[in-house]
Amino acid sequence: MINDLFPAFPWSFLFIQDLIGTIVFAISGAIAARQHKMDIFGMFVLAFVTGVGGGTLRDVMIGSTPVFWMKQPIYVLMISIAVILVAILRNQIDRAYWKKGLLIFDAIGLGVFTVIGVQKGIDFGLHPLICIALGGVTGCFGGLIRDILRNEVPIILQKEVYVTASLIGGIIFILFRDAGFESNWIDVATVTTVIAIRMFTIRYNLHLPKV
Amino acid sequence: MINDLFPAFPWSFLFIQDLIGTIVFAISGAIAARQHKMDIFGMFVLAFVTGVGGGTLRDVMIGSTPVFWMKQPIYVLMISIAVILVAILRNQIDRAYWKKGLLIFDAIGLGVFTVIGVQKGIDFGLHPLICIALGGVTGCFGGLIRDILRNEVPIILQKEVYVTASLIGGIIFILFRDAGFESNWIDVATVTTVIAIRMFTIRYNLHLPKV
Amino acid sequence: MINDLFPAFPWSFLFIQDLIGTIVFAISGAIAARQHKMDIFGMFVLAFVTGVGGGTLRDVMIGSTPVFWMKQPIYVLMISIAVILVAILRNQIDRAYWKKGLLIFDAIGLGVFTVIGVQKGIDFGLHPLICIALGGVTGCFGGLIRDILRNEVPIILQKEVYVTASLIGGIIFILFRDAGFESNWIDVATVTTVIAIRMFTIRYNLHLPKV
Chain A
1 MINDLFPAFP
11 WSFLFIQDLI
21 GTIVFAISGA
31 IAARQHKMDI
41 FGMFVLAFVT
51 GVGGGTLRDV
61 MIGSTPVFWM
71 KQPIYVLMIS
81 IAVILVAILR
91 NQIDRAYWKK
101 GLLIFDAIGL
111 GVFTVIGVQK
121 GIDFGLHPLI
131 CIALGGVTGC
141 FGGLIRDILR
151 NEVPIILQKE
161 VYVTASLIGG
171 IIFILFRDAG
181 FESNWIDVAT
191 VTTVIAIRMF
201 TIRYNLHLPK
211 V
Chain C
1 MINDLFPAFP
11 WSFLFIQDLI
21 GTIVFAISGA
31 IAARQHKMDI
41 FGMFVLAFVT
51 GVGGGTLRDV
61 MIGSTPVFWM
71 KQPIYVLMIS
81 IAVILVAILR
91 NQIDRAYWKK
101 GLLIFDAIGL
111 GVFTVIGVQK
121 GIDFGLHPLI
131 CIALGGVTGC
141 FGGLIRDILR
151 NEVPIILQKE
161 VYVTASLIGG
171 IIFILFRDAG
181 FESNWIDVAT
191 VTTVIAIRMF
201 TIRYNLHLPK
211 V
Chain V
1 MINDLFPAFP
11 WSFLFIQDLI
21 GTIVFAISGA
31 IAARQHKMDI
41 FGMFVLAFVT
51 GVGGGTLRDV
61 MIGSTPVFWM
71 KQPIYVLMIS
81 IAVILVAILR
91 NQIDRAYWKK
101 GLLIFDAIGL
111 GVFTVIGVQK
121 GIDFGLHPLI
131 CIALGGVTGC
141 FGGLIRDILR
151 NEVPIILQKE
161 VYVTASLIGG
171 IIFILFRDAG
181 FESNWIDVAT
191 VTTVIAIRMF
201 TIRYNLHLPK
211 V
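Chains as they are written, first to last, in the UniProt record's numbering: chain A, 1 to 211; chain C, 1 to 211; chain V, 1 to 211.
Same chains, same label: a pair holds when it works inside one copy or across any pair of copies.
Distance condition first, Cα-Cα at most 25 Å in a straight line; then the derived SDA-like pairs of lysine to any residue: (1) Lys37 x Arg150; (2) Lys120 x Val188; (3) Lys37 x Val161; (4) Lys37 x Ile155; (5) Lys37 x Leu206; (6) Lys100 x His207; (7) Lys100 x Arg150; (8) Lys120 x Glu182; (9) Lys100 x Leu167.
Honestly, the hints are just simulated from the structure, not real lab data.
Construct all of the structure, not just a fragment, from the sequences and the given hints.
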């Protein structure tokens, strides 16, 4: 029961990044739970839906079931680690330089989740437009469900260049793929694009126009 | 990549109505996004879930995956058109006679979505009661998810004869089908019923009793 | 069309409990709808998602589609009965001793839904950890979706030992199963555990620590 938790080695670089992204997203869910004075299991639920919610919605919509985290229980372990981390470090975690660190990891998570979503769409033979949308769903809907559960208008729909970063990353993925680049380079280009857009727009406090 | 967006001609009358319904529902999502000062991509997300959310939930629950809009990317195009329309016409769109026009198209959308939902349940061999429920899910849950995302109690659960119109439409569909009417007449009867109930109850400001 | 509503006799004890659980959960949804001044169909929708929402999410995520209530329309009948009960008894239902009675039935529902969720995970060959999670999803997400629709932070994430009771029940299920107990005993042990935890923590007003 314990051994089954870990998939066979060696793990791909993308898989390791995926686990990092899951942990970071789960941490953002756990922190949100603290702000709403939830108990430890409320915190776990919010960390869970934030960490795997986007990929779950993607898998359910394309019909890739049981959804990914049911086949690889290591995701449950990663989310548990995230919850324990937040519970232990709760006094440190409110400080500003922690938050800045989290933003960088969150950008990595968004980039990696975008790559995984687009790739899964391609594996299912879907239209490039739909693959880009799936990248956005995978990257953004975890945070969206988190904000629904804490009863707030999802922050990614309002203030930040977040969905946009994921969609532009998806476009880069498709363009590089059509240009014949090798798989690893496509991934690197996509993740780098997403991180760059997130960091640049946060640094200079840029927003998309309200319509 | 562009040519694949359009399914082969000729398009059925129901399909054209479906596209109209999708556009109208997407417009109502885009307008809701404006009221919450979302940026252009937040607007797109809200238009998207409102336009295809009901049909997506239906497809996911009956196991018709990948869900419909993934197989026909023209829906993404329709929703993009809706968002662009709202962005261009934003100064006109607040005026009263616009809203009245939208209500009529919204009633058409509700009727057509109801037909499509009930029909899909029949195609999957489900019990008539379940088919009627699927018509309601297809017609109503897009607006329901829209209201969840804008952090309000769904308006269709509160003030208007909306779910009811869709369910009565579904009952008409089943009755006409059991009576042996031809497919096109069933569709016309259902859509007309839904539109008539919506227009009549809005005109005379009728509500169901609170319990 | 009416006869198809009932599955063949004899019904298993677990199935009867499942119907009871569905009715009780639906009642809690219908009562919540009353507090928000929804009309009778809004009440029905809220009763529906509360009664079958958890099992629907479970089935969708493991790919058991069409979801359970589509194959057995008796659930729609049970939920209709719940709505009618609440509509008729609305003056009695606000009284304190009614609420205490509902809490006991709600605990039964939570226990039975946990059993059904864990069992379905096992039937699909999933990892024990995932089966426990599926028990929690089945038991808890109906109430969670209910609270999202009424625009409140889900109560089960905040104040009560609810998710925890379901998860501990799931652990008991797996332990008894690994110990080789017979199926009926596993069910009884799980349901009893969940009910005991719920009743005990409500009686002594216990909460998990906030983190």
